Amino acid sequence: MPHEFRLLSTGFNSATFNMGLDETLLHKVAQGSSLPVLRLYGWSPPAISLGYFQGLEEEVDVNACRTEGVDIVRRITGGGAVFHQHELTYSIVLPLTHPLAESNILDSYRTLCSGIVAGLALLGIEAEFAPINDIVTDGRKISGNAQTRKQGCILQHGTILIDVDPDLMFRLLKVPAEKNRGRLIADVKARVTSLRQMRPEYTSIPFESLYEQTAQAMAHGFTEALDLRLIPDEVQSEELEEAVQRAREKFGSWAWTRLR
Amino acid sequence: MTEKPAILNLQGKPPGCKLLRLSLTLTKDPNPIIQSISIHGDFFAVPEEAFDAVERELAGTTPAQLGRRFNALAEAHSLQLAGISGDGLDTLIASEAPWLLNPEQGPRHAP
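The listed protein sequences derive, respectively, from chains A and B. The opening position of the first sequence corresponds to residue 1 in this note's numbering, with each subsequent residue numbered one higher. The opening position of the second sequence corresponds to residue 261 in this note's numbering, with each subsequent residue numbered one higher.
Hints listed in this document are in silico derivations from the structure and should not be mistaken for laboratory results. Please note: incorrect hints may appear among the correct ones.
[Claimed, not checked] Heads up, simulated DMTMM-like pairs for lysine to aspartate or glutamate below, C-alpha to C-alpha not over 25 Å straight-line:
| no. | chain 1 | residue 1 | chain 2 | residue 2 |
| --- | --- | --- | --- | --- |
| 1 | B | LYS273 | A | GLU68 |
| 2 | A | LYS174 | B | GLU356 |
| 3 | A | LYS189 | A | ASP165 |
| 4 | A | LYS250 | A | ASP71 |
| 5 | A | LYS250 | A | GLU68 |
| 6 | A | LYS250 | B | GLU308 |
| 7 | B | LYS273 | A | ASP61 |
| 8 | A | LYS141 | A | GLU102 |
| 9 | A | LYS250 | B | ASP312 |
On a predicted model such as this, the values are computed, not experimentally measured, just so you know.
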C-alpha cells in the first residue's frame, strides 16, 4: 500500500522563510498534526545556506553577499555551504517510526535520495547515489543533500542543480588565498554539473519553466522510488504563521547565523 | 605570571572525512593540554546539539588522546556521525601539527 505524503509546492521564497518552513513542517509531523511531507521550493533572492557545523566567517564573504544581494542562512542540518540560485530544492519529513525511515543515517540517505535518482531519469539523466550524501551523473555532482533527526522525525533537504555559476559562487565564498580562486573555480566546473550542462537542449527553456518541469519529475520520481501517494496540499495558515515566526526569531537572527 | 594559551588552527580533509577545521586552545606546557576546541566543517552529526556537548567535554584532553576521547564521547552521547571520526581528527593533527604528538621535537612554526 502506497505511503501517503502531503505534497507542498511553495514556490520561491527567502532563505529564512524556507528554513523556517522546513523546521515548522518537522515540528508539525512530530506533533502528529501533519502527514509526512514532500516539499518542493526555490529561493528568492539567491542565498548561501551554511551547514550547522560551519563557521560563518570561515566560509562566507558577508560583504560580497551584501553587495550581490545574496542572503545568508544557517541550516539546522550539517554539510557544506550551498549557493541557492538556479535549482530546485526539496525537503522530505517523516517520523522515525515510518516504514521508509532507516535507523542508520547512511542507509537513510541512500533510500531517500533514490527519489531524486528516479526523478533525474525522467529528465533523461542517468544518475546514481554517491555516499555520503551526493547524487552524481557521469561522475559529477548534480545534487547534494543534508539530513537531521529531531523530535522523533527525519528532515532531509537537498538541491537539484538546474544551472550553476561557479564564478559568482566563489565571489561569495571565502577562498584560502586569492591566487587559488581560479583553480577552485576550475575544480568545481570539473566536479559539479547541472541539468542544463548535461542536457544542452534545456538551455533554451526559461528557468521558471525548467524549474516546473524538474519539480514534476521529482514528484514522480519520489512517488515511483518510495511508493508514495502524494496529496497536493497548501501550507496551512497556522503553519505559515509559525514559519514566519521561526524565520524572524531564529533563522533571521544574527545570533543564529553567527552560531559558529 | 600565567602564560597565555596558544591557539592553533588546523584544517584538512582526512581520508573518510569531509573538510574539518579545528581551533585548539592549548596550554603552553612542554606537554600541552587542550583547554578548549572548536570543530567546524562540512560533516554531519546527529543530534547536532549533542556534538556541542562533545566539544565542551573534550577540554582537558591531550592532543594524543583526542581521537579516542572524541569517539568515546560520541558514543556516550549517542551521536550518529558522517564525515568525521576520531581517526580523522588524529590524522589531521598528525599531518598538520605532528609536534603536538611529540612535544620534545617542538613546533616547526610558532603557533
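Results of checking the hints against the structure:
1. Between LYS273/B and GLU68/A the alpha-carbon distance is near 30 Å, which puts this suggested pair outside the 25 Å criterion.
2. Under the criterion of a C-alpha separation no larger than 25 Å, the hint pairing LYS174/A with GLU356/B is consistent with the structure, at around 21 Å.
3. For the suggested pair LYS189/A and ASP165/A, the alpha carbons sit about 9 Å apart, so the restraint of at most 25 Å is met.
4. Distance check on the hinted pair: LYS250/A and ASP71/A sit about 15 Å apart at the alpha-carbon level, within 25 Å; holds.
5. For the proposed pair LYS250/A and GLU68/A, the alpha carbon gap of about 23 Å is at most 25 Å, so the pair holds.
6. With a C-alpha separation of about 16 Å, the suggested pair LYS250/A and GLU308/B falls inside the 25 Å cut-off, and the hint holds.
7. Proposed proximity of LYS273/B and ASP61/A is supported: the alpha carbons are some 22 Å apart, at most 25 Å.
8. Straight-line distance between C-alpha atoms of LYS141/A and GLU102/A comes to about 24 Å, which keeps the hinted pair within the 25 Å bound.
9. For a cut-off of 25 Å, the pair hint linking LYS250/A to ASP312/B stands: about 18 Å separates their Cα positions.
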